[in-house]
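Engineer: Chain by chain, the residues run as shown.
2 protein chains.
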Amino acid sequence: MERYRRIEGLQMNEEHLWCLKESGYEAGLHKHYEGLFTQGNGYMHVRGSFEEGCSDAPQDEEYLRFPDNVTLEKPRHPKSKQGTFIPGIVAQHPLLKEEIVNLPYMLGLELWSAGGRLDMDLSRISGYSRWLDLRDGCLHRSLIWETPGGMLLKCNFERYISMADKHLCIQRVQVEVLAGEGRLEVRATLRGDVRTNGMNHFDSVVPSAEVGCSLSLETLTEGGNQIFMHSALEASEAVIWHEENTGVTAALRGEFALQAGDRLTVSKLTAVTTDRDMEQGGTGSRALAQLSRARDIGWDGLYERHTASWKSKWQHADIIIQGDDLAQLNVRASIYHLLRANREEDDRVAICAKGYAGEAYFGRYFWDTEINLLPFYLHTNPQAARNLLLFRYNTLDGARRNAQNYGYRGARYAWESSLSGEEQCANWQYADHEIHITADIVYALYHYVRATGDEEFLERYGIDILVETARYWCGRVDWNREGECELLGVMGPDEYLPLTRNNAFTNRMVKFSLEQTVTCLDSLMSSKQDSYAAAVERLNIRPEERELFRHTAEKLRLPYDSGTDVVPQSDDFASYADVDFAGIWTDRSRPFGHFISQERNYRSKALKQADVLELMLLFPQEFPREQLKAAYDYYEPITTHDSSLSVAVHGIVATWLNQPEAAANFLQRVMAIDLSTEKKGAAEGIHIANCGGLWQLIVYGLAGLKSAMWSGSIELEPRLPEGWTELSFQLAWQGERYRITVHPDAYEVHKLEGRGYVAGTTL
Amino acid sequence: MERYRRIEGLQMNEEHLWCLKESGYEAGLHKHYEGLFTQGNGYMHVRGSFEEGCSDAPQDEEYLRFPDNVTLEKPRHPKSKQGTFIPGIVAQHPLLKEEIVNLPYMLGLELWSAGGRLDMDLSRISGYSRWLDLRDGCLHRSLIWETPGGMLLKCNFERYISMADKHLCIQRVQVEVLAGEGRLEVRATLRGDVRTNGMNHFDSVVPSAEVGCSLSLETLTEGGNQIFMHSALEASEAVIWHEENTGVTAALRGEFALQAGDRLTVSKLTAVTTDRDMEQGGTGSRALAQLSRARDIGWDGLYERHTASWKSKWQHADIIIQGDDLAQLNVRASIYHLLRANREEDDRVAICAKGYAGEAYFGRYFWDTEINLLPFYLHTNPQAARNLLLFRYNTLDGARRNAQNYGYRGARYAWESSLSGEEQCANWQYADHEIHITADIVYALYHYVRATGDEEFLERYGIDILVETARYWCGRVDWNREGECELLGVMGPDEYLPLTRNNAFTNRMVKFSLEQTVTCLDSLMSSKQDSYAAAVERLNIRPEERELFRHTAEKLRLPYDSGTDVVPQSDDFASYADVDFAGIWTDRSRPFGHFISQERNYRSKALKQADVLELMLLFPQEFPREQLKAAYDYYEPITTHDSSLSVAVHGIVATWLNQPEAAANFLQRVMAIDLSTEKKGAAEGIHIANCGGLWQLIVYGLAGLKSAMWSGSIELEPRLPEGWTELSFQLAWQGERYRITVHPDAYEVHKLEGRGYVAGTTL
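Protein chains in written order, with my numbering: chain A, 1 to 763; chain B, 1 to 763.
Next comes chain A alone, as it looks inside the complex (with noise of 0.2 Å):
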């Protein structure tokens, strides 16, 4: 697995520009790295987590997470959480509804010596280090460690999950005696005592070991769905394998006799199925498949299929900084987290909101995906952003369901979605009235569009949730009686005001929405008939339907005007309360919201997050300067970023508005969001929409690109922070690729050689 060094691209000397590193353990960041170090390839994630596992991190806790974690449930920190998922497998949670389901550990592999294991707390360790290497997405992790019988060894693990071969997991472990002798045994398990949010959904496990070399373990979730783990065993010395499974628990072990000067290497093999799979054949068997013919490339050969796989992405998705390392470095971790969660195969899943890195916010969809994800695909990898937008497509049964149980015609996307598309927001505020979320979707629909000139997609795909939207939309204003409708009850962006009047950003949204399903009528009507007429018939559309989109559109009320001076973020947003911040907030370092009651905060005038900005973000064009500037100075004191999406919004507003210093400040706080140590930001997973929102700023902000939204070429209007000599990146553009080179004074835009990439494809 050395062998990367040598891959042409892949520079030794690059190692500080790709590598994350974890330079000494610390029991309390574990959990932290866990998430950080997540190593996925769309089909399947493992966790960060050791090989061994840790002392007094039991991972089959059971326990009763509530749907309001502030006030009910205690919070649980413990050392290790272990992850393995797979999306689509989802399971009921009695409280919380439908959650991603943590599946049985495939990655154990502990060393014994003299009866005791390599432990990461409870051993004499030195000479720790542990990176992932963003090129190929492995991780390595080197120590030399001291058995209780006094042997020096010296310890390499490595794995990766196949980018290229998706069922298949690799992992090895080198051991050198660097002095003493003695026995050495290696344990190899799959582990199904696993629990998610503390709730066991495995319906059985049953583990089973071959005395020569392998390994499997079948599992039954409650919800009906099977996974198939079978693991082969590889050593460089001549071993028995015996059997030792308990319980849900299959395993082998080996012993081996070591003395000073010997290497000792032992692969294990994972290939992983479950009944979800769209390969035809027996689920189990077909694993079976995976792994015999995984052994049949060889090691060297699946090595080489999945870092060309690696290349590839990083080929399209890559962006190069100069002048700025760690800003390189971290910039990279986020589009690594952005390529491993896509899973374009599937247009039955989508991204979670987590990255498929941990089990918080339960493995759901929420409109992080639309807004903040989706840029990055459209322009580096077109294909996944269709993919995206077509679940969607497949979830609208879904979203018509939620529509009737609120008693509304038409469609409504779910705040967070399932599978299916139904609701699971557990918390009804949220649930209820964000409802911007089924707007977003519309606007991503044209986003994907105009950047891919996939006009098709509208045509096949687009109208149905334009017209079902559009529906639920008339449905869900009210008409005052100076004739104009409304949209009360909402909450916006902003998630600490619960129940605006006319939200400014939801309300445009929804505007929008409903002209362009009218514009998208009028034009099929005119162009295609046939589809037009399918539609119709398809839809049930009736003939004064077009009209009420329209005047529904037309009347429908927005807060401001091009004279409005600060845009207020809804009708009663003036009527809350103002904040002494600087006497609540007394420690700057943790969330506001933690420093004030969900009573006391949903009358305030303190803002989770970006929400005028979020608008003028989405409709640069429609707003001034001067406007945005109004907007920027009025919320940016009053916004306290407690989530996660609002600081990239704010670091891409303060570079249009030309405020360097402010654009830095911003710049960093997106990139520690996931990486600061300080704050374990990943240790419940990755916040994905932020590594969406970093390549926004980039690309957005700092290179200046327009959106394909609004314009039909490229244009950017760069603005460097200080130092970056250079910033580079390939971006994806109705059909074309380019090249684009910025420079503190001057930019390319270069049209790449050879074949373009083709959207709308099927597979």
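Hints in this document: simulated from the structure, not taken from any laboratory.
Please read all numbers here as calculations on a predicted model, not as lab measurements.
Watch out, some of these pointers could steer you wrong.
From the derived model, a few chain A residues whose C-beta atoms are all more than 12 Å from chain B [as the list claims (entries may be wrong)]: (1) Leu264; (2) Tyr361; (3) Leu628.
Listed below are the simulated SDA-like cross-link pairs for lysine to any residue, each with C-alpha atoms no more than 25 Å apart in a straight line [as the list claims (entries may be wrong)]: (4) A:Lys511 to A:Arg625; (5) B:Lys511 to A:Ser597; (6) B:Lys679 to B:Ala664; (7) A:Lys605 to B:Tyr408; (8) A:Lys605 to B:Cys474; (9) B:Lys629 to B:Gln668; (10) A:Lys605 to B:Gly475; (11) A:Lys97 to B:Asp296; (12) B:Lys97 to A:Glu345; (13) A:Lys79 to A:Tyr63; (14) B:Lys706 to B:Ala664; (15) A:Lys97 to B:Glu62; (16) A:Lys706 to A:Leu618; (17) A:Lys706 to A:Tyr747; (18) B:Lys97 to B:Gln59; (19) B:Lys97 to A:Gln598; (20) A:Lys605 to B:Trp479; (21) B:Lys605 to A:Glu484; (22) B:Lys605 to A:Glu482; (23) A:Lys511 to A:Pro620; (24) B:Lys680 to B:Asn658.
With beta-carbon atoms standing in for the labels, derived distance ranges [unchecked claim]: (25) A:Thr677 to B:Glu544: 45 to 51 Å; (26) A:Leu122 to B:Leu64: 37 to 43 Å; (27) A:Gln404 to B:Leu558: 41 to 47 Å.
Virtual Cβ for every residue (Gly too), placed ideally from N, Cα, C.
Knowing the structure of chain A, use the given hints to seat chain B on it.
Structural biologist: Frame of chain A; chain B shown alone:
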């Protein structure tokens, strides 16, 4: 037990005015009658279940109730839910917080013959009738059972919870053999297989039975309470009782050989004590002692003591209506429950929302106590009223903790109070925002003082409540830029608008509360210097606080003034959406809330209950008739009365406005709330606040009594419903008792002879 008919004043020919009857058995109504026929004496309460239980209605079903039962919980409608409640015995529900424990069932008396058990659904039954005699709270059941062996047995069950000897439950079954012969077995039980809202709250249940004739069950709750139940059996025929304990049930079985014409009587006398009882001595032996003493007194003696106690209660509380027998009976049913639910001897408990007649609302204390219940007790049993206020004084520390939890100084009473005063409401919109409860308690405090003249209560207890709640209000208000202070983010009495601005009811009540605090401080300072100094020290009152209270009271905004045409419910009320009631509420026999999502409801002008009208009821002198009429005309049509607190208020206002038809209609609706078999109103317990509301509708509405809050003497403005020829009741007023007699065209206030009562006596 038939002896009561001979007691003076309890006439045979008055049965239709005193007995609630169930003429035929209907399984679907059994749960309703279990609630309606609840018996009790303040100390303990037992629902009106059958002695032998019901087939297909296990009492130990375990399930998880969710805080939001509308959307998450599947409603449960078992045929029967038994209930045994002792105010003060509570436990923690994992999701719903503190709840009163449904205790072991003490009424078990089963009849068996030829292997078959008497069961209302499975046996051959004829001649069934059941009635609760409101005069003495005795429940009677009569039926003829054709046993599997062909005997015809006339069975009469009778039982009561002694009003005189609070720990005693007294039961009897009489069996007369109409035809046939054979063996009859009687099985007496104390059963611990009881769950509260699906939860097992018992750590241990230890049954025992002596082969003689006594049973016992010792229960330890998970909260550490001990409950002792001891039963003694007595039969009119010689019998050997056989022990048949099973698991958590104590049981004795006796067998009798019967032939036609035989009469058998079996009596069961049960004593219940707990570790919370205030009497001295070990609780287990205390129950035995109670039992022993009871047996010494004898069955007749016990009944005489009991019925004398009831008679004395009725003497002060009865309302006599001539000309409307149905209203007469229904009003007495309400008064019965008000008399039963009250525990004037113990100021550590108050009266819970379901009157200790069901598990709903978890045995907690709401504003109902102060606003809906208190007037009845003020004017029939001032000592009981005093006790309710002492409960709030005793829980002031809990209220202080509530304030602290929200980040305020002072004391904030809980929307749903635990025994210790701490907030138990699991839904944040009520817990956080329905803050008027804290002012309602101060209003009640003054209502007590003014109705009884017990000024000393203010000085000894009230001042602490006043100062601490005033401190809370000073923290809870926000000051606007016009120099007014406001109450934002408020749910008023109308629970269909959760977050409003300056709710008229709330702000007026808070202004009153702050004003009275200042007045009370001033009055103490000038006339009771010692008390004042003690309060200053005890409450650490700073010199500037009085002025802060005064200034806040003065500047607290009211969203109306004397010139306002329609007093708005809140400053933002006009901004909510109009409701198409005809289109939405298609079946008026069901609550409006069943036809609209909470989301839509929360942005609509649809009131759950009286809000502005409640304000006008509490401050009648401040609103001229035109304002009252404008409010009634505007709000009544948009009020859904989905809360049982609403209808009585509307009835009073309709009466005041001389709208006899509307008033009569509201009177019918008030009486139907618990009594209607169509709605099964009492299934989950008694709407005890509505019972208080009915009393207010008669006394404040029909008799037109001016509230003691605003009138120093008894003033009446009667408006009797059509057909009522006389309305008569006693009234306690400022230390004296009066008899009020109202005729259609005249009324009399007659001061009663003899010793008045003295409020403020301590127990």
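Engineer: Does each hint hold? Answer for all of them.
Structural biologist: Here is how each hint holds up against the structure:
Here leucine 264 of chain A stays apart from chain B, with its beta-carbon at least about 50 Å from theirs, past the 12 Å limit. Against the 12 Å criterion, tyrosine 361 of chain A stays outside the reach of chain B, whose nearest CB is about 19 Å from its own CB. Residue-level check passed: leucine 628 of chain A sits 26 Å from the nearest beta carbon of chain B, beyond 12 Å. Taken as a hint, the lysine 511 of chain A and arginine 625 of chain A pair is honoured in the structure, with Cα atoms around 22 Å apart against an allowance of 25 Å.
Restraint check for lysine 511 of chain B and serine 597 of chain A: the C-alpha separation of about 24 Å stays at or below 25 Å, so the hint holds. Of the pairs offered as hints, the one joining lysine 679 of chain B and alanine 664 of chain B holds, with about 20 Å between alpha carbons and a cut-off of 25 Å not exceeded. As the CA atoms of lysine 605 of chain A and tyrosine 408 of chain B are separated by approximately 18 Å, the hinted pair is consistent with the 25 Å bound. About 19 Å separates the Cα atoms of lysine 605 of chain A and cysteine 474 of chain B, which keeps this hinted pair within 25 Å; it holds.
The suggested pairing of lysine 629 of chain B with glutamine 668 of chain B holds, with an alpha-carbon distance near 21 Å, which does not exceed 25 Å. For the given pair, lysine 605 of chain A sits about 17 Å from glycine 475 of chain B by alpha-carbon distance, which is consistent with the 25 Å threshold. Between the alpha carbons of lysine 97 of chain A and aspartate 296 of chain B the distance comes to roughly 60 Å, so the proposed pair goes past 25 Å and is violated. Between the alpha carbons of lysine 97 of chain B and glutamate 345 of chain A the distance comes to roughly 46 Å, so the proposed pair goes past 25 Å and is violated.
Annotation: proposed proximity of lysine 79 of chain A to tyrosine 63 of chain A holds, straight-line Cα distance about 16 Å (limit 25 Å). At most 25 Å may separate the alpha-carbon atoms for a hinted pair to count; lysine 706 of chain B and alanine 664 of chain B meet this at roughly 20 Å. Of the supplied pair hints, the one linking lysine 97 of chain A and glutamate 62 of chain B holds, its CA atoms being roughly 20 Å apart against a limit of 25 Å. For the hint pairing lysine 706 of chain A with leucine 618 of chain A, the CA-to-CA distance comes to about 11 Å; that is within 25 Å, so the pair holds.
Between lysine 706 of chain A and tyrosine 747 of chain A, the direct Cα distance comes to roughly 14 Å. Compliance with the 25 Å bound is thereby established for this hinted pair. Restraint check for lysine 97 of chain B and glutamine 59 of chain B: the C-alpha separation of about 21 Å stays at or below 25 Å, so the hint holds. A C-alpha spacing of about 19 Å is found between lysine 97 of chain B and glutamine 598 of chain A, which places the hinted pair at or below 25 Å, so the restraint holds. For the proposed pair lysine 605 of chain A and tryptophan 479 of chain B, the alpha carbon gap of about 13 Å is at most 25 Å, so the pair holds.
For a cut-off of 25 Å, the pair hint linking lysine 605 of chain B to glutamate 484 of chain A stands: about 18 Å separates their Cα positions. Restraint check for lysine 605 of chain B and glutamate 482 of chain A: satisfied, since their Cα atoms lie roughly 17 Å apart, inside the 25 Å limit. Restraint check for lysine 511 of chain A and proline 620 of chain A: the C-alpha separation of about 16 Å stays at or below 25 Å, so the hint holds. A threshold of 25 Å between alpha carbons decides the hint, and for lysine 680 of chain B with asparagine 658 of chain B the separation of about 32 Å lies outside it, so the pair is violated.
In this structure the supplied range 45 to 51 Å holds for threonine 677 of chain A paired with glutamate 544 of chain B, their Cβ-Cβ distance being about 47 Å. Between leucine 122 of chain A and leucine 64 of chain B the beta carbon distance is about 39 Å. The supplied range of 37 to 43 Å therefore holds. A hinted range of 41 to 47 Å for the beta carbons of glutamine 404 of chain A and leucine 558 of chain B is consistent with their spacing of about 42 Å.
When each numbered hint is compared with the structure, violations occur for hints 11, 12 and 24.
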